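2 protein chains.
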Amino acid sequence: MAKEKKFVEAITSMEEDFAQWYTDVVKKAELIEYSTVRGCMILRPNGYAIWENIQKQLDERFKETGVENVYMPMFIPESLLQKEKDHVEGFAPEVAWVTYGGGEELPERLCVRPTSETLFCDFYSRIIQSYRDLPKVYNQWCSVVRWEKTTRPFLRTMEFLWQEGHTAHATAEEAEERTIQMLNLYADFCEQVLAIPMIKGKKTDKEKFAGAESTYTIEALMHDGKALQSGTSHNFGDGFARAFGIQYSDKDNQLKYVHQTSWGMTTRMIGAIIMVHGDNSGLVLPPRIAPTQVMIIPIAQHKEGVLEKAEELRAMLKNDYRVKVDATDKSPGWKFSEQEMRGIPLRIEVGPKDIEAGQAVIVRRDTREKTVVPFEELQGKVGEILETMQKEMLERARNHRDAHTTEAVTYEEFKDAVANKPGFIKAMWCGDEACENKIKEETTATSRCMPFEQEHISDTCVCCGRPAKAMVYWGKAY
Amino acid sequence: MAKEKKFVEAITSMEEDFAQWYTDVVKKAELIEYSTVRGCMILRPNGYAIWENIQKQLDERFKETGVENVYMPMFIPESLLQKEKDHVEGFAPEVAWVTYGGGEELPERLCVRPTSETLFCDFYSRIIQSYRDLPKVYNQWCSVVRWEKTTRPFLRTMEFLWQEGHTAHATAEEAEERTIQMLNLYADFCEQVLAIPMIKGKKTDKEKFAGAESTYTIEALMHDGKALQSGTSHNFGDGFARAFGIQYSDKDNQLKYVHQTSWGMTTRMIGAIIMVHGDNSGLVLPPRIAPTQVMIIPIAQHKEGVLEKAEELRAMLKNDYRVKVDATDKSPGWKFSEQEMRGIPLRIEVGPKDIEAGQAVIVRRDTREKTVVPFEELQGKVGEILETMQKEMLERARNHRDAHTTEAVTYEEFKDAVANKPGFIKAMWCGDEACENKIKEETTATSRCMPFEQEHISDTCVCCGRPAKAMVYWGKAY
Numbered sequence: 001m002a003k004e005k006k007f008v009e010a011i012t013s014m015e016e017d018f019a020q021w022y023t024d025v026v027k028k029a030e031l032i033e034y035s036t037v038r039g040c041m042i043l044r045p046n047g048y049a050i051w052e053n054i055q056k057q058l059d060e061r062f063k064e065t066g067v068e069n070v071y072m073p074m075f076i077p078e079s080l081l082q083k084e085k086d087h088v089e090g091f092a093p094e095v096a097w098v099t100y101g102g103g104e105e106l107p108e109r110l111c112v113r114p115t116s117e118t119l120f121c122d123f124y125s126r127i128i129q130s131y132r133d134l135p136k137v138y139n140q141w142c143s144v145v146r147w148e149k150t151t152r153p154f155l156r157t158m159e160f161l162w163q164e165g166h167t168a169h170a171t172a173e174e175a176e177e178r179t180i181q182m183l184n185l186y187a188d189f190c191e192q193v194l195a196i197p198m199i200k201g202k203k204t205d206k207e208k209f210a211g212a213e214s215t216y217t218i219e220a221l222m223h224d225g226k227a228l229q230s231g232t233s234h235n236f237g238d239g240f241a242r243a244f245g246i247q248y249s250d251k252d253n254q255l256k257y258v259h260q261t262s263w264g265m266t267t268r269m270i271g272a273i274i275m276v277h278g279d280n281s282g283l284v285l286p287p288r289i290a291p292t293q294v295m296i297i298p299i300a301q302h303k304e305g306v307l308e309k310a311e312e313l314r315a316m317l318k319n320d321y322r323v324k325v326d327a328t329d330k331s332p333g334w335k336f337s338e339q340e341m342r343g344i345p346l347r348i349e350v351g352p353k354d355i356e357a358g359q360a361v362i363v364r365r366d367t368r369e370k371t372v373v374p375f376e377e378l379q380g381k382v383g384e385i386l387e388t389m390q391k392e393m394l395e396r397a398r399n400h401r402d403a404h405t406t407e408a409v410t411y412e413e414f415k416d417a418v419a420n421k422p423g424f425i426k427a428m429w430c431g432d433e434a435c436e437n438k439i440k441e442e443t444t445a446t447s448r449c450m451p452f453e454q455e456h457i458s459d460t461c462v463c464c465g466r467p468a469k470a471m472v473y474w475g476k477a478y
Numbered sequence: 001m002a003k004e005k006k007f008v009e010a011i012t013s014m015e016e017d018f019a020q021w022y023t024d025v026v027k028k029a030e031l032i033e034y035s036t037v038r039g040c041m042i043l044r045p046n047g048y049a050i051w052e053n054i055q056k057q058l059d060e061r062f063k064e065t066g067v068e069n070v071y072m073p074m075f076i077p078e079s080l081l082q083k084e085k086d087h088v089e090g091f092a093p094e095v096a097w098v099t100y101g102g103g104e105e106l107p108e109r110l111c112v113r114p115t116s117e118t119l120f121c122d123f124y125s126r127i128i129q130s131y132r133d134l135p136k137v138y139n140q141w142c143s144v145v146r147w148e149k150t151t152r153p154f155l156r157t158m159e160f161l162w163q164e165g166h167t168a169h170a171t172a173e174e175a176e177e178r179t180i181q182m183l184n185l186y187a188d189f190c191e192q193v194l195a196i197p198m199i200k201g202k203k204t205d206k207e208k209f210a211g212a213e214s215t216y217t218i219e220a221l222m223h224d225g226k227a228l229q230s231g232t233s234h235n236f237g238d239g240f241a242r243a244f245g246i247q248y249s250d251k252d253n254q255l256k257y258v259h260q261t262s263w264g265m266t267t268r269m270i271g272a273i274i275m276v277h278g279d280n281s282g283l284v285l286p287p288r289i290a291p292t293q294v295m296i297i298p299i300a301q302h303k304e305g306v307l308e309k310a311e312e313l314r315a316m317l318k319n320d321y322r323v324k325v326d327a328t329d330k331s332p333g334w335k336f337s338e339q340e341m342r343g344i345p346l347r348i349e350v351g352p353k354d355i356e357a358g359q360a361v362i363v364r365r366d367t368r369e370k371t372v373v374p375f376e377e378l379q380g381k382v383g384e385i386l387e388t389m390q391k392e393m394l395e396r397a398r399n400h401r402d403a404h405t406t407e408a409v410t411y412e413e414f415k416d417a418v419a420n421k422p423g424f425i426k427a428m429w430c431g432d433e434a435c436e437n438k439i440k441e442e443t444t445a446t447s448r449c450m451p452f453e454q455e456h457i458s459d460t461c462v463c464c465g466r467p468a469k470a471m472v473y474w475g476k477a478y
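Chains as they are written, first to last, in this note's numbering: chain A, 1 to 478; chain B, 1 to 478.
No wet-lab data here; the hints were simulated from the structure.
The structure presented is a predicted model; accordingly, all values stated were derived computationally and were not measured.
Among the hints, a few may not be true.
[Claimed, not checked] Only part of the chain B face toward chain A is listed, based on derived beta-carbon distances under 7 Å:
#	residue
1	C40
2	T65
3	G66
4	V67
5	V70
6	E89
7	P93
8	G102
The beta-carbon is built from N, C-alpha and C at its ideal position, and this holds for glycine as well.
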């Protein structure tokens, strides 16, 4: 009993302390365990299984667009990292250096990859000769290391898992097309699978990737009103190609530089799922990404026929859904709490009375809605409810975001919004980095992106009053 | 034309120089590219796709036995690595050390994982309390680093991809059972999917894993008569548990140490596929592991209807097989060479005359056998030929191994076999490491394993003449 009490009590409510609620969910749902290595986390089975599903579904979408997977070394020699000036300036301060190997000091330091542009460029410079070799549309799934000072599970860790796509194209147009294509792919994936609506847009120069000509981003709004950059897609133009000498002979026999892109999505998306969908009972997983979609929980399982029935239902459902039976010797109440904490979309309760009546009870994780369903209709009903849940989770997230997006015309309105209305702020901008800096300094809000869907809020910059060049989404961000 | 000539000429015959043949295949089939990082290779799409298939099929088999995937940090603090004495002695000399991070010297060096026993033990010591928490049957897919002096693609590289399973059990019996279960799983996978027959057995103490109580291995024979250790499974007993304090309270309320295992398989298996099945035209991939199983090659593709027919056949086959059309502007001969070099199991040739006759030609990669097949029978015939090919590749590999296995009763016979009969040698052993050392020193052959299927070759040790304790497979090894 003591243990049961502890389990139920241990989670802080999100209204009381959102950061603590987040940490509690991450630990209690057994998504991660802290490790003895500072800033690194252990992805436990419940957490890693979510990543496996993200990986599988994202990878399928990649391959439909012609992406091929490769694997690059995890080390980058210092001289290679330094080849592109902006890039090294952006990353050198936060890398880990290997200086000894096999008992000897190395003649050249190797950094553990923070990202692999330089390795791909070096690779491409050797395998691209002719226009026939283009395009190259490669991707890798791996971990990268960035020496962060403060860390938070999934959102900011020293090592994290991701995919990084790196492409080389014959023309600038084709590179830009691929950059946008991948951004759209990310946004579709997040909306359709993770049930998280995204704002698509372009980063300002201040916020773009080190070495990129332009960076595109998808931005999501968390439950506490903070923004989360969820995926980025960069167009490098021919900047890296010139630094690394990646040239091809075109059909006209002229030597030309390739045009490159890169794009990535990380385990940070698990943090997004938690902070968009979670509630005070724990995690709520969208059905399409949930490792277990249905947990069958027997009631009074010691009674004759109950466990057998639970197993029979599992056998009936397992070809269409990811389904398990919780046949442990815990109490049903304890099992309900665990299923809720882990965010399993549906539970099916089945006990002696249900069996007698030829029915089971389906309970939705998000709304707690109960549906009594005759056994023979269970197969279809489960699918129906999962679909409805997936759709409604996206709608709820979209409504929440829209309800937490305000417009600001004057700087007073802007500051009031940052202070009192957690969420996105739509406001005009003159295009000058000085205004971005001033806003960040005075309000802690940053420019999230210049959305593709521009709106006209006013004629002048919200900060300086000069003529506006673009509408920008602003917000406090993770 | 110059380019076509170069492609065909570039491969050394395996009879002339097996090592060079291997390197040629690896490069020409575009499995890898060398990187600027010493001893690290780039897995190109053709190479990585094989690993993806290995990973997918092995992972499914793992999960059927209850394995759950996790992800552990890539760094191990020096103090953690040192906790188990034998283990650190085995690995410390070949690790890479990170000494700087985020611009500062680290208070404690971090090694890049060469294997993750220590991290799993540390993790288990924190999450295992009660018998209810057991067993833990975790696995991770990742890369590891070992500072090798000389390297060879797939077989020995500084960084390589693998999976490492780490389990914790309540009893010694259960740990031993899991150790053997995973060894059998590896052997079945290699035989059924990779078409490589395995000798299953136990390593001698001299050859066992650093820190293990016993190490089991599967050993394969390559085309040149050298052995390849292909997968290992270790039983640690409670050695690591004692070093790391991994205890659980049992049903009888007593605190007990867990019993642990680990087991791994690596990208080295791609090397095994090459060296077991390859020929002088390049790679030969077993159908079950081939990323592309069928390449449709149009003949005279500029003629009306040819490309359309090729595409029609692809559409017909694509739901059952992994199939592509080579519609590039190269000559058919060139395309044949490429398909053969890449080891694609079947090619389907289809030209104007075939279309007129309502048929296509299927050519098997391994035997070059041609089968003329009416279009309407193609669907079934492709599957039939792929199955036959898979089966015959395993048979051929088994016959080759058996034909290259000799028995030695006397030391003279043993030395003669090592010198003149490339392959496995079956000979009796007294159990003394001194004999293993002597044999290795004088012949370069090492003990591969004490096979589960013991045979009685003679009564006495092949080296010292004392009473024999076990029959051992010996051989030169990669």
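The hints, checked one at a time:
Here the hint on C40 (chain B) is kept, as its CB sits about 4 Å from the closest CB of chain A, short of 7 Å. Proximity of T65 (chain B) to chain A is violated relative to the hint, the smallest CB-CB distance being about 14 Å (cut-off 7 Å). Taking 7 Å as the C-beta cut-off, the interface hint given for G66 (chain B) is violated, the closest approach to chain A being about 11 Å. Using the Cβ-Cβ criterion of 7 Å, the hint placing V67 (chain B) at the interface with chain A is not satisfied: the shortest such distance is roughly 10 Å.
At about 5 Å, the closest approach between the beta carbon of V70 (chain B) and any beta carbon in chain A falls short of 7 Å, and the interface hint on this residue holds. Given the 7 Å rule on beta carbons, the hint for E89 (chain B) is violated: about 13 Å separates it from the nearest Cβ of chain A. Taking 7 Å as the C-beta contact cut-off toward chain A, the hint placing P93 (chain B) at the interface holds, the least distance being around 6 Å. Taken as an interface hint, G102 (chain B) checks out: its beta carbon lies about 3 Å from the nearest beta carbon of chain A, inside 7 Å.
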